[in-house]
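> Residue numbering for the sequence shown follows our numbering, starting at 318 and increasing by one per position.
Take these hints with a grain of salt, some might be off.
To be verified - If you anchor each label on the Cβ, the simulated ranges turn out as follows:
| # | residue 1 | residue 2 | range |
| --- | --- | --- | --- |
| 1 | S363 | D568 | 14 to 22 Å |
| 2 | F504 | Q631 | 22 to 30 Å |
| 3 | K687 | S436 | 30 to 38 Å |
| 4 | N565 | Q354 | 26 to 34 Å |
| 5 | E407 | D676 | 15 to 23 Å |
| 6 | S426 | Y500 | 17 to 25 Å |
| 7 | D638 | N565 | 28 to 36 Å |
| 8 | Q398 | I575 | 28 to 36 Å |
| 9 | Q398 | Y574 | 44 to 52 Å |
FYI, nobody ran anything at the bench for these hints, they're computed from the structure. Even glycine gets a Cβ: it sits at the ideal position worked out from N, Cα and C.
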Amino acid sequence: MKVFYFIICLVLLYQCRNAQHSQDQTSIHITIKEDFQGVSADSLFSSVTYIPLETSKNSLLVSINKIHIQDSTIYILDKKQKIIFAFDLEGKYKSKLDKHGRGYGEYLSLDDFFITDSSIYILASDQQKVSVYNLNFEFNFDFPIVTHGTSITFNRDSLFIFTNYCSTELQNFYIYNRFTGEYLNKFGSFPKKQLGIAYRQTTFAKYQNSVYCFFPYDYSIYKCHEKLEKVCHINFGKDYMYPENFKNYSDEERINYIMRYSDPLQQPIGRIDNLFICDNFLFFTFVKGIFPYIYFKHTKQDVAHVGGIINSHQFPLINNDFIYIDDDTYMSFCQAETIFSLDKKEIQMPKNLRTIKIDDNPILGLYKLKKD
């Protein structure tokens, strides 16, 4: 689908302006207030299901970097341990992908993964390879890649790798056939002075069989195919954005510029993250000063929700450490110790959380988004 028609289909979603002219830049205009902006959890969610993840010597989580739910199984990436854990929908531990090493079916790093066609694809950047396992974590095959990377996704037969400014060819994206490992294309050039800079953020979003991406300090959403195609500009207002060329600064240049702001609260918004696009809404996160904010625009609502999510009586455990979102569910984790900080007289504790111990695994919250 051509970008113009894509824009028209999402005109309400994106609060687009100037959509009547195909040459105009589509924009999301976000009003930022100087003071903290709060968004009540009650205005976003209709219900919540808590899933305490089983704590045992086999299932102890150290970090949570990605989550994917498929076929009644919760898959969680723990980069620090280089493990993908599998739990059922009640939080019971099932199994894990834990194959460190240099041998057959093993890996030295586990940087990212995706699941499709009953297969798990993992990015093992240290060895510059992609490895494929079935949903029982049995090894199928792997293939080499020409660069290091931090993120992978797919679109039909194609596998996309984001190099995170680490490719010596100064290209950020490489495409392979995910079945044969055949190299197909590279694109997304960046300045040499940015070589070696790596950012901690999610990279890809998918919508209608297309892959979208975004970059730090860029304030734009791009469509990925044989090249990068800008489809939307995000305008926070001049006072809350870095200069247009800031995205091309070297690490040293960027640090020197940021040092102008003695108060972290006055720093511009550096990047968007956790982009999610679907028929019903557009969602992403960003940081204003030191506060994590969300942007949530539903197709049936005229005004977007912008700000930090505030706990409520019904949703006492919600936090802004966003992990994953699907068509109707926002998923986030809270530490078990958070349970013990709640006022038990004020909160009706769900039965499955009443036996939680302070050093247990985190608790997964599945928050149903309101439909309108």
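> None of the hints should be skipped; say for each whether it holds.
Comparing the hints with the structure gives:
no.	hint	result
1	S363 to D568: 14 to 22 Å	violated (44 Å)
2	F504 to Q631: 22 to 30 Å	violated (46 Å)
3	K687 to S436: 30 to 38 Å	holds (34 Å)
4	N565 to Q354: 26 to 34 Å	holds (30 Å)
5	E407 to D676: 15 to 23 Å	holds (20 Å)
6	S426 to Y500: 17 to 25 Å	holds (21 Å)
7	D638 to N565: 28 to 36 Å	holds (30 Å)
8	Q398 to I575: 28 to 36 Å	holds (32 Å)
9	Q398 to Y574: 44 to 52 Å	violated (36 Å)
Going down the numbered hints, you'll see the structure goes against 1, 2, 9, while the others check out.
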